[in-house]
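There are 6 protein chains.
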Amino acid sequence: MSVLIKDFKDGDEFVGYYLIKEIEAKQTNNSIPKDFLDIVLADSSGNISAKYWEASKTDIETFFPMCLVKVQGLVQVYREKLQVKVIRIRKTTEQDAVSITDFIRSAPVDANELIPIIEQAIDSLSHNDIKSLVTFCFEKVKDKMQSAPAAKSHHHAYFAGLAYHIVRMLEIGEFICRQRPFLNSDLIKAGIILHDIAKPVEMISEYGMVLDYSNQGKLVGHISMAANWITEAAIILGIDLESNVIMALQHLILSHHNLGEWGSPVQPQLPEAVALHYIDAMDAKLQMVEDMLQTTAESEEWTPVIRGLENKAIYRLKL
Amino acid sequence: MSVLIKDFKDGDEFVGYYLIKEIEAKQTNNSIPKDFLDIVLADSSGNISAKYWEASKTDIETFFPMCLVKVQGLVQVYREKLQVKVIRIRKTTEQDAVSITDFIRSAPVDANELIPIIEQAIDSLSHNDIKSLVTFCFEKVKDKMQSAPAAKSHHHAYFAGLAYHIVRMLEIGEFICRQRPFLNSDLIKAGIILHDIAKPVEMISEYGMVLDYSNQGKLVGHISMAANWITEAAIILGIDLESNVIMALQHLILSHHNLGEWGSPVQPQLPEAVALHYIDAMDAKLQMVEDMLQTTAESEEWTPVIRGLENKAIYRLKL
Amino acid sequence: MSVLIKDFKDGDEFVGYYLIKEIEAKQTNNSIPKDFLDIVLADSSGNISAKYWEASKTDIETFFPMCLVKVQGLVQVYREKLQVKVIRIRKTTEQDAVSITDFIRSAPVDANELIPIIEQAIDSLSHNDIKSLVTFCFEKVKDKMQSAPAAKSHHHAYFAGLAYHIVRMLEIGEFICRQRPFLNSDLIKAGIILHDIAKPVEMISEYGMVLDYSNQGKLVGHISMAANWITEAAIILGIDLESNVIMALQHLILSHHNLGEWGSPVQPQLPEAVALHYIDAMDAKLQMVEDMLQTTAESEEWTPVIRGLENKAIYRLKL
Amino acid sequence: MSVLIKDFKDGDEFVGYYLIKEIEAKQTNNSIPKDFLDIVLADSSGNISAKYWEASKTDIETFFPMCLVKVQGLVQVYREKLQVKVIRIRKTTEQDAVSITDFIRSAPVDANELIPIIEQAIDSLSHNDIKSLVTFCFEKVKDKMQSAPAAKSHHHAYFAGLAYHIVRMLEIGEFICRQRPFLNSDLIKAGIILHDIAKPVEMISEYGMVLDYSNQGKLVGHISMAANWITEAAIILGIDLESNVIMALQHLILSHHNLGEWGSPVQPQLPEAVALHYIDAMDAKLQMVEDMLQTTAESEEWTPVIRGLENKAIYRLKL
Amino acid sequence: MSVLIKDFKDGDEFVGYYLIKEIEAKQTNNSIPKDFLDIVLADSSGNISAKYWEASKTDIETFFPMCLVKVQGLVQVYREKLQVKVIRIRKTTEQDAVSITDFIRSAPVDANELIPIIEQAIDSLSHNDIKSLVTFCFEKVKDKMQSAPAAKSHHHAYFAGLAYHIVRMLEIGEFICRQRPFLNSDLIKAGIILHDIAKPVEMISEYGMVLDYSNQGKLVGHISMAANWITEAAIILGIDLESNVIMALQHLILSHHNLGEWGSPVQPQLPEAVALHYIDAMDAKLQMVEDMLQTTAESEEWTPVIRGLENKAIYRLKL
Amino acid sequence: MSVLIKDFKDGDEFVGYYLIKEIEAKQTNNSIPKDFLDIVLADSSGNISAKYWEASKTDIETFFPMCLVKVQGLVQVYREKLQVKVIRIRKTTEQDAVSITDFIRSAPVDANELIPIIEQAIDSLSHNDIKSLVTFCFEKVKDKMQSAPAAKSHHHAYFAGLAYHIVRMLEIGEFICRQRPFLNSDLIKAGIILHDIAKPVEMISEYGMVLDYSNQGKLVGHISMAANWITEAAIILGIDLESNVIMALQHLILSHHNLGEWGSPVQPQLPEAVALHYIDAMDAKLQMVEDMLQTTAESEEWTPVIRGLENKAIYRLKL
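Protein chains in written order, with the numbering used here: chain Y, 6 to 324; chain D, 6 to 324; chain Z, 6 to 324; chain S, 6 to 324; chain W, 6 to 324; chain H, 6 to 324.
Bear in mind the hints are in silico, worked out from the structure with no lab data behind them. One thing to keep in mind: the hints can contain errors.
Identical chains share a label here; the pair holds if one copy fits it or two copies do between them.
Subject to a maximum C-alpha distance of 25 Å in a straight line, what follows is the list of computed SDA-like cross-link-like pairs (lysine to any residue) [claimed, not checked]:
no. : residue 1 : residue 2
1   : K14       : I241
2   : K317      : G222
3   : K145      : F180
4   : K90       : Y22
5   : K290      : M150
6   : K11       : P186
7   : K14       : K86
Given the structure is predicted, the values throughout are model-derived calculations rather than measurements.
In isolation and in its complexed conformation, chain Y is listed as follows (with noise of 0.2 Å):
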């Protein structure tokens, strides 16, 4: 069992299994150049620096990110943060049994759970077009949901980050529909569920990490792709195009980022528009702040600043 990189000490000499996340071949600044990797090793616990001062030729083209090494090394404290010193390097084999998945920041549940919860959601829908809707949106990306995140790197930016997202903001819906009957928990559901639907396809990721948005996430962006999902749905499954039921999902999609400088077209202007963007702002605010107090160390009483809550920090008070 490899030791966890969040648990590296310095002065710890360690062998076992971890991912490079990013790699870079370097050039010493000497008069004569020399080459070496400078890499960053990761596992689920988090995230090192590590130099390889010995890198031959072949290494410089056998290594890339995203693949699985076995790695001796040292570790050392350099300008006063700790970094590995790799002594010898291989990538993995079969028989090294070692999967990609255990190496990754994944969300809390795991994505096999989330996406029947979901699906129990869609099922639970008592509007029988709302359901076909949102059921033919969902089947449109369902695959990939499975690893999706809900964002690059503002909130929920991890494997099944946005399908974690969606089962989160389900409970939310199910208690706000409880305590104010008023609001039509058709609605509700089917807006939580759609609101980010497109971003699987807006953001092109592997393994939970955005690597880029696609040039239809570029041009046309998420929100209006979901809406345009909508129309094709309706026209697919013979709905009516002006229809109330068509106009509703829509405009919970588009106003769901309540403002035009954040995104929105149109501002909320239904009982359950006005709830989707709440319940969206809470699950991902908080998020944020639980997300980055579990990735910062025990022994910080501050975490970095998060720029989705006003750039400030959070505090770690003890009571």
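Given chain Y, put chains D, Z, S, W and H in place with the hints provided.
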């Protein structure tokens, strides 16, 4: 039994008890001007404009705002709106056995039920200093809390509106603490009860209607007033002013408006402060929607615009 | 032949045909109030306030907005403005041989000339899919395009204003494609025709005057409606929803307001999208100026302020 | 003939003439540091980083920015980018028969063609005072206009960029005056020529590259400088300072940035001032797009982000 | 001696001299309308609304704004405010021996004292060019400076308000130069005298009341007008337009509003320009407070809101 | 006597005493990396970068920030900047007879003179409760006030900077109270002394350099902390918490940043609060200018940009 104002129809003749919400002596614009009374009658279902053309000098000195009257009148349409032509009017006496509280807008739950719920929440606080501090502040305004609105017109602007807002937020708070156990439920509950605790002193209200802001309300504001109360409570209760518990409660109060331009001198930097802001926002915004739908005639598809919702109206969608 | 409203002078007595643009039954503020009609008369040259003091109950039920009337009246100055005292008034009959279209503000070019120009532009598109998609969307609103204004009051707010706006933009577009050949002229033309194509459905108008926004107009908005139409057209025409041509047309429509706070969910990222925004802005702003100068009396040096031009007035400079 | 920088490929060995755009003497980070020269080589097709590891003390004192050199070098990939390893380098002499103007970025039209076009436009002004005033201001900077860029980096940031910007705006202006005859074409032309006329004095540039802003440029700014020139011209030409023509030209100059936060102390209030702002914006924005596409490798789908276009990149769409 | 308007009480009958500040002929809203005069009477202590119900056609043609009248009237309460019922009214003649200047609001110091103080400050300038330039500009408006207000309503909006503003700023300027000797006192004094020097030409005023902005005031604005005057002065006085002294004075004028959105095309970049902005702000804001307290009845705890102070009212605190 | 850092010239060899402001152990980027010390040396005249290439392991453990050292060094130019090559370095001992206070930036007036001036101002307060309250708060931080800076880097960021800021503001306050006698000078003086009184607790500083914000500083902020101190003082001194004097002092403190986005939960609504904001702004802004000019080499025409002045640089104008 008096006919409810929201049930008035053109041509109705009626006799019943109503509240004078506003009254002004005016003069007709004739060359020989004549006095009349321009009145706003109210009951728990709404308001209506009324004219008393035959007002005598004595009448002008008899009637004033917040006084209960028995009115014989005629409902007419004037400029596309209903209006009452007063035929006879007199102040009520004890014999009429009517009470002002029957004629005002109130929270949907009785104040006598709301206060004990808040007190139970205080009772359930497990941290002794927090419990003492919250109790101290709550006792300061307990009497006013029976009737205080949460705002002048923004949201929960009615009898016991503030207590109702707190109780509903406690429900959300309880849910969110169950969903996210890393939140300290004592801080969440305390934050909810304290966040607007100084509003009954910031605003001068009668029967749930804000008449004005107090001088202290304008010059110090309810946020800083509540922060001062924590200081006062700590000194009187002998709690260390430099303790984390004092810092935390002050932070929750000071940061709950989230941004400087919304009145918070610091931004949320505790997990519970982030949660508090969104619990407050969700309850306030959804209550605005619910209240506006209820006070808009069923026959109207759209409510009037709501200032607190980006000046948007809400649509009464039929699926 | 009726005297044009803009030629009315104090003391004029006249008989002529006019349009009732607004009408309201009011009562004089006497102790014994008396009914009268407060009217706004209009013709193609402008509006004027009119009072009919002698209105009978029948009159009140006879006249309504958008009805044509024959009026005998007297022009008077009241509070520094001209006003008509109505002496006699009756609805027009077929014998009067007047048509409502003679009494409304229209684009300077006849709708029957504008539509064919747009159709020629569509015809000239060289990319077949673009041509089919634009045709599909244009056919949806071709009838309404005969009369639809481009806005409620902002710019081109008159009969056939939208078609006129499109035609003028096509002229600018043609010039700019000649000047900058790197621009794709198919995309420029398509973007111009499509950018406001859903406005006739977003707004409910009559004779070029916007009466209200439709529910869909409020909840979805013309930008997203037009994007949806592209999706609809693609499906019905069998064009690949993932093709670049669909992405490009959607992008042009979605981004043409340039900024999120102006209603665009994405910002221009194609050269033609950048061009489209400025072609639209230039035509709209200069038309505001031209319209305002035309409807301001020649004797006035300054127009009223124009909301769309930073609330500035325009000066009629003599060199 | 030298190979163009944009045609360099990994492994190329070359000999050719280039411009030193930037040069800095650095030291290797060894315990016994060694001098080397860190250079940016340029030609009209682009820039490339170059290192001269064998630089002697004499070399360090020989080469400086804006000097032309003959280089023997080797093209290598370093950190995913091409870079030149300099083998031999010397300054050019008269015998090399190369001129700096062959190595800099220039407007696509020759300065010697641009200036006469502007002069013809001045010639075509029909209002005598306007013609004299424009001539006076133009003569002030005519020499600098041969080379001046329109901005430091924002748009038209190259040799004769300003003259090119003016000429292209004159084309748009001519079109828009034909399309909208109510515009005074003398004011449009004068506004175009004058709007940035003080930029060659506001910014200190060499070969179309801005080195810095002048003190006057920082403390007064090109907008107010140009307004002052009108005053100066009027006095020297004997034109009444209180005349409408002076007021109009000053207004066009002062208002052409449209908003206070963009540097205009007054907002457009003449039809021609509104037009001028949009002619300027359209030309500047589209040139940014065109320039950025041209300097981005054909193989790249997306340009770098453009600050003047809401920090958006432009997509090279294939239909 | 006339009773001061601020001393009027309900029921008073009076005879005295007053100024007609506003007057409008209106008609009663009867079926047979009757003319009356709706008047605002003023004296140096304040304004009051007055009605002259018995106005004849001759009266309507006799009285106009800014005319002095002798009035016999009755003070009444109407809609919670005092109002005068005019019994008799006539224009004053020479025999009445009253002067309009006795009836208007003025700076607390006499204009005849203020102008010499400014002239002394000019005299005390040690730099000859600065002295000549300031003198030139001051002479342009010296006559108007006797009466000109500093603004329409914002601050110092009364007879000689501008001169008073300058004099008070000179006092602050003198203090700050003593406190911080690194400031150049010539530039501070010159900046103070010049910063608003073009306001008497930007605004058309009579007896300290702004009637309108001039065309030049709207199209060029007082900031750029003053900058132009410096250019004009330099040419006429033979001072080098490129000299630092011209650049400095222009900079002080142009930057004194501090931000682009407040009308300054450049921001302060000389120490004296930073100082000038804060001297101006401090004097203007405190004068707003002082003026508003003086024109608010002593019995009122709070003044009306002040637009220039974030729309806040000022509280009359008793310690 | 040591040579002042600001007097260092290229090629100088020197021996002298300096303060280590920052120090970091780094490694050369060789294949066999070597330790060296990267140091920032400081004295009261400024800072300079220094490298100690021959640092031993012992050296790395010996030197730390804020320690005084004797250095033998050589001044060299590296990348256009002066830099020190350390030849020998040792910590100072008692025999060296140097004190850290000789090596830090300080207010231009000695702290031992500043504190008595503030105490005299407190003594001169005529209102007893104000005097007691101010005394209470001042005593809380009197010791820290000897050295506390007024800000981290914004303004007065040096030893005794806060005391100096207060003393200078008292001078302005005294002047403005003389100029405008309607201002209550007790409130002005109290407001000046109290407005930043909690800064020494909000920020953790050493020798006038801010190391960090305290937790309370981040979570409560100096504005609310000072308001709380007033509450605390009132309780301990037995002054009525509801009295006007408490309300006034709290208001002055809370509103002195003027706007919500600048950290004030309420806006100025007392004349003295308006004055306090502008006294504070004027002193802070002019001090930024003065400090920046002093720490910029005389040979530089322009200072670096100043964040607190709209990111503008200041020009050293010669007249």
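Hints, verified against the model:
In this assembly of identical chains, the alpha carbons of K14 and I241 never lie at most 25 Å apart, being 59 Å within a copy and 48 Å across copies at closest. Taking the closest pair of Cα atoms, K317 and G222 come within 25 Å of each other only across two copies (13 Å); inside a single copy the shortest separation is 29 Å, beyond that limit. Taking identical chains as interchangeable, the C-alpha atoms of K145 and F180 are never at most 25 Å apart, the minima being 28 Å within one chain and 32 Å between chains. Proximity of K90 to Y22 under the C-alpha cut-off of 25 Å is restricted to the intra-copy arrangement: shortest distance 15 Å within a copy versus 39 Å between copies.
For the homomeric pair K290 and M150, the shortest alpha-carbon distance inside one copy (21 Å) is at most 25 Å, but the shortest distance between copies (31 Å) is not. Taking the shortest alpha-carbon separations for K11 and P186, only the inter-copy value of 23 Å comes in at or below 25 Å, while the best intra-copy value is 46 Å. Taking the shortest Cα distances, K14 and K86 sit within 25 Å of each other inside one copy (10 Å), while across copies they are farther apart (36 Å).
Of the numbered hints listed earlier, those contradicted by the structure are 1, 3.
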